[in-house]
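A.B. asks: Here is what each chain is made of, one letter per residue.
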Amino acid sequence: MNSISGVGLSYRSQHHKSLLSSSTQVKPNWLELLTDNYLGYGLPNQNLRELALYYPFVFHGVGLNVMGSDPFDKKYIKRLKELFSEFKPAWFSDHLCWTSIEGAQSHDLLPFPFQENFLEHAVQRIHKIQDLFQMPFIIENVSAYHEFPDSQMSEVQFLAELCKKTSCKLLLDVNNIFVNVSNQGYDLEQYFEYIDTDMVAQIHLGGHAKEGKILIDTHGSKVCDEVWEIFERFIKKVGPVPACIEWDNDIPDYDTLSGEMLIAASYYRGDK
Amino acid sequence: MSVKDFQRKYFDCIRYGSKEFRVLPLEEAESRLSIYSHQFLFNHYEILQKIFPVTQKFLGSENFRFFCKEYIEAFPNQSIDLHLYGQGFGGFLDARDEVEYDFLRDLMDLEWNFHAAYYLGSDFKKIITSEFPLYDLYFHIKEESPLESPEAQSVMICLKELKPVIELSS
Ligand SMILES: [Fe+2]
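Line order of the protein sequences matches chains A and B. In terms of this note's numbering, the first sequence opens at residue -12 and continues consecutively. In terms of this note's numbering, the second sequence opens at residue 4 and continues consecutively.
Same shape as in the complex, but just chain A (with noise of 0.2 Å):
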């Protein structure tokens, strides 16, 4: 059951029966769950429950503060043990960014400037994390919506870093790539070069919001083309690894999400 492969879906309760239904045509072939969404002890794990005789699991979470000064919850590291031990998930990921300081939280994916002290405590943190969970766990690149002028780095060339220092994979999300290119000026092409095939575990999938002349990482929309564009670019150069779709607002019908998991499968085939 522990096979990620293919195309996934992230899951949301509203398409709960049409995953379990037989007469579902199209079906991932796994399933991400978001684990803040379980950190209660209330009525949606028993829909997991049901999901997991059908479906292997990878659990994607918000709340660890992978880039906080805090140290890490230890109410949240309890609670993430037990799901995690409970739905043995192939692997678990988390943002590269930081989420609250001092115990106060902003619920939001927040920046930090690519500068050397940053890349240090980023592997510490990351150290530590591997240490605390002794199972994989893989890292996502966020959007963002500003530079910091102290950068001494680009982004891809700090998430590189990174993996190189901490063995640590990297969940791709190709629309937050997308996104920053747009908002920043980042050159995409930097990714393609320095993003290399045994450093991808998973990839992200999403659809984004314009706002004047920025993009919003908004996840409430269809895959955009240059975003499918940068998906195959990438499938091409590190291989087939495993995508997901990722709708998260103004979620649409189980058949709207069928389409966007075909397309994805169709570029597994390059049939596209």
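Any given hint could be a false lead.
As the list claims (entries may be wrong) - Some but not every residue of chain B turned toward chain A, in silico, with C-beta under 8 Å: (1) PHE9; (2) ARG11; (3) ARG25; (4) TYR39; (5) HIS47; (6) PRO79; (7) SER82; (8) ILE83.
In short, the hints are calculated from the structure, not lab data. No experiment lies behind these values; they were computed from the predicted model shown. Quick reminder that beta carbons are idealized off the backbone N, C-alpha and C, glycines included.
Mind docking chain B with the ligand on chain A? Use the hints.
C.D. replies: Below, chain B with the ligand without anything else, positioned relative to chain A:
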């Protein structure tokens, strides 16, 4: 700048919506930073709206938004779990002279407990503190005709709209 100093300074900037942080492009610094400060406010506001639908009806949307903004700025969530936000919102409003309803504090405690019971399931009892005992939830509605007062009627109508309906067993 150390990681911690940077984070303190940046967090203050988005929490209070200040624009005093050097980011690029410089000519758009204000609008770029406001994406984060709006998101910070919105994420907290959205959960308060979900938890306190009846309170929002009583106060009206504008007033509710105004008090939420003040509460969020003063007390950002201290839990990773956004669903645990807002437990102190009732006490915060209770201390405000502008809020006239005597029963609002009890109503807000009820709404919060209702939300927490659904969300936390069997873990619910762990977060009920002595400050908010379940058996102590009652309304300070006009004594002379409790069930006929407009406030009582409105509370009853609004409570019926609260979903999901759950049973609290001891
Ligand atoms: Fe993502």
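A.B. asks: Can the hint on PRO79 (chain B) be confirmed by a CB-to-CB distance to chain A that is less than 8 Å?
C.D. replies: Because about 4 Å separates PRO79 (chain B) from the closest Cβ in chain A, which is inside the 8 Å limit, the hint holds.
A.B. asks: Does the closest beta carbon of chain A sit nearer than 8 Å to the beta carbon of HIS47 (chain B)?
C.D. replies: At 7 Å from the nearest chain A Cβ, HIS47 (chain B) passes the 8 Å test, so the hint holds.
A.B. asks: At a threshold of 8 Å, is the proposed contact between ARG11 (chain B) and chain A supported by beta-carbon distances?
C.D. replies: holds (6 Å)
A.B. asks: Taking the closest Cβ pair, is ARG25 (chain B) under 8 Å from chain A?
C.D. replies: Nearest chain A Cβ about 6 Å off; hint holds.
A.B. asks: Does the nearest C-beta of chain A fall within a distance shorter than 8 Å of the C-beta of PHE9 (chain B)?
C.D. replies: holds (7 Å)
A.B. asks: Go through the hint on SER82 (chain B) and say holds or violated, using the shortest Cβ distance to chain A against 8 Å.
C.D. replies: holds (7 Å)
A.B. asks: Mind checking the CB of ILE83 (chain B) against every CB in chain A and telling me if the closest is under 8 Å?
C.D. replies: Where the cut-off is 8 Å and the nearest Cβ of chain A is about 4 Å from ILE83 (chain B), the hint holds.
A.B. asks: Taking the least C-beta to C-beta distance, is TYR39 (chain B) closer than 8 Å to chain A?
C.D. replies: holds (6 Å)
Of the numbered hints given earlier, the model fails none.
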